[in-house]
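Student: Residues per chain are reported as follows:
2 protein chains.
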Amino acid sequence: MLNHLFSRVWPGLALGVLLAFGAQAQPDPLPSWNDGAARQAIVAFVDAITTPENPSFVPPAERVATFDQDGTLWVEHPMYSQVMYVLESVPGLVKAKPELAEVAPYSTVLEILKGDRAAMAKLTLPDLEKLAMATLTDMSVETFSAEAKQWLAKATDPRWNKPYTELTYLPMQEVLQYLRANGFKTYIVTGGGQDFVRQYSESVYGIPPEQVVGSAVGMKYGYAEDGKPFLTKEPKLLVNDNNAGKPEAIQLMIGRQPIIAFGNSTGDQQMLEYTAAGSGKRLSLLVLHDDEKREYAYGPAQGLPDTKVGTFTQALYNEAEKHGWIVISMKSDWKKVFAFE
Amino acid sequence: MLNHLFSRVWPGLALGVLLAFGAQAQPDPLPSWNDGAARQAIVAFVDAITTPENPSFVPPAERVATFDQDGTLWVEHPMYSQVMYVLESVPGLVKAKPELAEVAPYSTVLEILKGDRAAMAKLTLPDLEKLAMATLTDMSVETFSAEAKQWLAKATDPRWNKPYTELTYLPMQEVLQYLRANGFKTYIVTGGGQDFVRQYSESVYGIPPEQVVGSAVGMKYGYAEDGKPFLTKEPKLLVNDNNAGKPEAIQLMIGRQPIIAFGNSTGDQQMLEYTAAGSGKRLSLLVLHDDEKREYAYGPAQGLPDTKVGTFTQALYNEAEKHGWIVISMKSDWKKVFAFE
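As they're listed, the protein sequences go chains A and B. Take the first sequence: its letter number 127 is residue 127 in this note's numbering, and every next letter is one higher. All you need for this note's numbering is the position in the second sequence, starting with 1, plus 1000.
Take the hints with a grain of salt, since some may be wrong.
[What the hints assert, rightly or not] Residues on chain B that point at chain A, a partial pick, calculated with CB under 10 Å:
{"no.": "1", "residue": "V1043"}
{"no.": "2", "residue": "F1057"}
{"no.": "3", "residue": "V1058"}
{"no.": "4", "residue": "Q1211"}
{"no.": "5", "residue": "P1229"}
{"no.": "6", "residue": "P1235"}
{"no.": "7", "residue": "V1239"}
{"no.": "8", "residue": "K1246"}
{"no.": "9", "residue": "Q1270"}
[Said to hold, decoys possible] Here are the computed lysine to any residue pairs in the SDA-like style, where the Cα-Cα straight-line distance is at most 20 Å:
{"no.": "10", "chain 1": "B", "residue 1": "K1322", "chain 2": "A", "residue 2": "G222"}
{"no.": "11", "chain 1": "B", "residue 1": "K1236", "chain 2": "A", "residue 2": "T266"}
{"no.": "12", "chain 1": "A", "residue 1": "K228", "chain 2": "B", "residue 2": "H1323"}
{"no.": "13", "chain 1": "B", "residue 1": "K1220", "chain 2": "A", "residue 2": "D226"}
{"no.": "14", "chain 1": "B", "residue 1": "K1322", "chain 2": "A", "residue 2": "D226"}
{"no.": "15", "chain 1": "B", "residue 1": "K1322", "chain 2": "A", "residue 2": "T266"}
{"no.": "16", "chain 1": "A", "residue 1": "K228", "chain 2": "B", "residue 2": "E1321"}
{"no.": "17", "chain 1": "B", "residue 1": "K1154", "chain 2": "B", "residue 2": "E1166"}
{"no.": "18", "chain 1": "A", "residue 1": "K130", "chain 2": "A", "residue 2": "N242"}
[Claimed, not checked] Chain A regions said to be covered by chain B (calculated; three or more residues, Cβ under 8 Å):
{"no.": "19", "stretch": "176 to 182"}
{"no.": "20", "stretch": "193 to 202"}
{"no.": "21", "stretch": "250 to 263"}
Treat the hints as calculated values from the structure; they're not laboratory data. Please read all numbers here as calculations on a predicted model, not as lab measurements. Note that the Cβ used here is the ideal one computed from N, Cα and C, for glycine as well.
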């Protein structure tokens, strides 16, 4: 009888113990974050908008989170990886059209690739745009995809000697997963090329191509000789996904206002403003590069000279203070920067 | 002992019976379809691409289905509902700018709205474009959304005396649900205005705004007097989502080739070609309007005169035959056309 009773009580007891352990063992969703203001703001925001009884509750369908990529999700210093791709695609271009070897800016790029880093200063923004159009367009979507994937598989960052795709910030990867586990759709909203980022967004961040919003050129539909249709990337900018272009592209491509957004530079300011301006609880955050030892420190907020990339200016800092945006300090908010550390 | 044995066997037996009943009771996912070639092709396609052992298996992330809207998901005859919206927005425009009342094409629209349907013939395509820009742009995204929602709530189709949003085809609603239940993301890819369709796509089709691809004007980010940012719809066409524009916009907005696509007119031809051209098993389908009694019959495939809208031409019919696209006959493939029948 005792045995019988025990056999009926025991399973219930075991289940209770398991559940209690389950609750205690709930893993920390943000283990690479120190318990500072930034982490607390993120967790409090998610708790509020996912709690049905909370007046700030947001239905899952409206949980849109947008992330800048370069400098927010992965390293952008000393040069955007896509700029490296453009430069390293020039020799292939020159091989096909040898006359370009003597013409600037192609000749300048060949000098840079031979090791003359000082020659980089000769490249103007219009030069870079010209090089981008020459290396990223006038080819089929399939050809571009194959070339970009090939480059990504072998290109490495010189400081860490690792593929660019491994230089993502572990704390931000945790935020992406944490938000998705709480019903968010996570989007990349990048000034970089939409087609480029779509080559790796799914494997690197778990973000599918249809959730990548970026700068985009026009497409041209046509037919191959065998009648098979294909799309060609045209040398014509259709979407410039920087500054005011970010909220504009968000409306075009998503059609919903984000409720949480992460950026790191002046190019993200309008996205953060637009996110914060919606009704209900909103959260806008900026990643501050203040960790010279583990990553980089740049931007005038640290009294450092302004840089070509990832400009977190004093004016942007002031905007953040004025609007109550959260500034994430890489140095003090992140326990680890990279998964490989 | 027998009792003991029974108590151990019984739960397993009950489970087996339940499972068997479950399998038998599986409801037909397409109850409004007759068991013809179209239905069989859809079911065979879904079975093949969702069966892991099948060589045609497609991972859920790549299950993209695209649907034209007007004439494919709902009634487009005798006039697109969005054209009705544009025409019925003209009086409001004239109220704000009374001088327009004497100027064509605004004066023509006022005649039409007074009941002179013959005046419709006076409106050219450039007239319609001018009217569309005048009634759909130069206003904030919020203002447009409020006005469109207000119109949709009260506008009715004259034949059925029902809101346009109830004139969706029940068999196509079933296909949308069937595909989603099988891991597909369902998209609308419409020549109509993306912002217009996004006002009702979620409530009418269960398709969220971010899965509506349509014709789109440029956006302009700016600030209200109180500093609050907002987006203005500009009178400048950015995406013309018709004909070749459909696969071009699919690449821009989705970045994946659909594996199944539904259309009903020449404006959908390139989307169907592009879908069929991908590797692996693909399915392209055309809805043929051949049911004058329950809906409409139009297009030269029926020996009927060509119409301004929804042109299912003989040439398109020939393309369908040549490529093996499935032609869905409303008359013979659909048991019911509307849910309210």
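Student: Taking the hints in turn, state whether each one holds.
Tutor: So, going through the hints one by one against the coordinates:
1. V1043: Since the shortest Cβ distance to chain A is 26 Å, the answer is violated.
2. F1057: Not OK, violated: B:F1057 not within 10 Å of chain A, min 18 Å.
3. V1058: violated (14 Å)
4. Q1211: holds (8 Å)
5. P1229: At about 5 Å, which falls below the 10 Å cut-off, the nearest Cβ of chain A leaves the hint on B:P1229 intact, so it holds.
6. P1235: violated (15 Å)
7. V1239: With Cβ-Cβ at 8 Å, under 10 Å, it holds.
8. K1246: holds (8 Å)
9. Q1270: Hint holds; B:Q1270 Cβ to chain A Cβ min 6 Å, cut 10 Å.
10. B:K1322 / A:G222: The hint holds at about 19 Å.
11. B:K1236 / A:T266: Cα-Cα ~27 Å, so violated.
12. A:K228 / B:H1323: Satisfied, since the Cα-Cα distance of roughly 12 Å is no more than 20 Å.
13. B:K1220 / A:D226: violated (42 Å)
14. B:K1322 / A:D226: Holds, at roughly 15 Å.
15. B:K1322 / A:T266: violated (54 Å)
16. A:K228 / B:E1321: holds (17 Å)
17. B:K1154 / B:E1166: holds (12 Å)
18. A:K130 / A:N242: holds (18 Å)
19. 176 to 182: violated (count 0)
20. 193 to 202: That given contact holds, which follows from 4 residues of the stretch 193 to 202 of chain A lying within Cβ reach (below 8 Å) of chain B.
21. 250 to 263: Holds: 6 residues of the stretch 250 to 263 of chain A have a Cβ under 8 Å from chain B.
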